[in-house]
Every structure is written in structure tokens, then in C-alpha cells.
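For what it's worth, our numbering labels the leading residue of the sequence shown as 692, then goes sequentially.
Think of the hints as simulated: they come from the structure by calculation, not from any bench.
There may be inaccurate statements among the hints.
[Unchecked claim] Cβ pair distances, simulated, as ranges:
| id | residue 1 | residue 2 | range |
| --- | --- | --- | --- |
| 1 | P764 | P814 | 15 to 21 Å |
| 2 | V840 | T719 | 22 to 28 Å |
| 3 | D780 | E805 | 24 to 30 Å |
Heads up, the beta-carbon is just placed ideally off N, CA and C, and yes, glycines get one too.
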Amino acid sequence: MARSITATSLAYIDTVRWRRYRSLVWVTLAVVGFPMIASCASADRQDTAPPPATLEPLPATSPPPPGAIGVSPGGVTTKVDVPADSSQDEYALACRAAKQWMTSRGGDPHAQIEPYLATLQSPAAKPGKGTFNRPWAQLTPGQQAAVIVAVQAAADDQCG
Numbered sequence: 692m693a694r695s696i697t698a699t700s701l702a703y704i705d706t707v708r709w710r711r712y713r714s715l716v717w718v719t720l721a722v723v724g725f726p727m728i729a730s731c732a733s734a735d736r737q738d739t740a741p742p743p744a745t746l747e748p749l750p751a752t753s754p755p756p757p758g759a760i761g762v763s764p765g766g767v768t769t770k771v772d773v774p775a776d777s778s779q780d781e782y783a784l785a786c787r788a789a790k791q792w793m794t795s796r797g798g799d800p801h802a803q804i805e806p807y808l809a810t811l812q813s814p815a816a817k818p819g820k821g822t823f824n825r826p827w828a829q830l831t832p833g834q835q836a837a838v839i840v841a842v843q844a845a846a847d848d849q850c851g
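Given only the sequences and the hints, what does the whole structure look like? Please build it.
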């Protein structure tokens with residue numbers, strides 16, 4: 692007697708075929724779908740406020756060469772002769788914070804550069820916008836240079 696093809700046998704054949712390609716389908720979905728989901732998730736975050744900065748240890752950097760750091764007679768670092776390292780947002784926030792501080796004190800803004808830097812560099816100073824939300828001692832030499840450049844720009848009224 693000849694065997695006939697039944698609905699059950701067709702379902703079994705489909706199941707076997709699916710099992711053969713199941714891992715390939717899932718891998719394809721993961722490879723194609725994950726970047727799309729990740730890009731949508733990152734696009735949603737651009738509209739919200741960034742999370743508060745956490746104090747994480749920074750990667751070790753080599754110290755600046757001798758003579759690259761300028762210190763005033765009062766012990767305030769006023770020059771770090773390495774390339775400035777900050778984002779545009781960090782720079783703008785640091786510049787505005789310095790400008791606001793200088794304006795509140797009145798007088799010649801250039802005379803306020805060293806006193807303002809002294810407040811940022813004090814061990815008791817709380818991290819804020821002027822130091823990229825990190826204590827001065829935790830900034831890399833490049834970040835310290837960026838803060839000093841931003842403070843000088845604030846004194847020149849060039850924060851933008």
C-alpha cells in the first residue's frame with residue numbers, strides 16, 4: 692500500500708526544515724536588528740538631560756614635560772602647556788561658569804583669572820561646571836589646560 696502525504700507529515704517536514712535554519716534566522720535577526728534598536732535607543736537619549744557625571748578613575752596619562760606647568764607665586768596653576776582636551780560642551784560650560792564668577796566679583800576680569808583658578812584648585816572645592824564636574828586633581832593635564840583656556844576666554848568675554 693502506498694503511503695500518502697497527510698497534514699501531520701507536512702507539519703513534520705516544515706518543523707524539520709525550520710530546525711535546520713532556525714539558528715541562521717536568529718543570527719540574521721540579531722545582526723540586523725541590534726544596530727537598529729541601538730540607534731533608536733541612542734536617538735531617544737539625545738532629547739533627555741544627560742545623567743549626572745560619576746567620578747570614575749581616569750586612565751593613566753603621562754605627566755607633562757618639565758616646565759610645561761606654570762605656577763603663580765601664590766601657588767596657583769596658571770598654565771599647562773599641553774594640548775587642551777575637552778568637548779565643546781565642557782568648554783562652553785567652563786567658560787560660562789568662569790564668566791559668571793568674574794561678573795559677580797566685579798572689576799577687571801583679567802585680574803580675576805588667578806583668584807578663580809585658585810578656587811577651582813583648592814582641595815576643598817566642590818567639583819562643578821568649571822572643572823567638568825571633577826575635582827581639579829583628577830583632571831588630566833589636557834583637561835586642566837582646557838579649563839585654563841576657558842577661564843582666559845571668559846576674561847576676554849569670548850565664551851560665545
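List, from low to high, the hint numbers that the structure doesn't satisfy.
2
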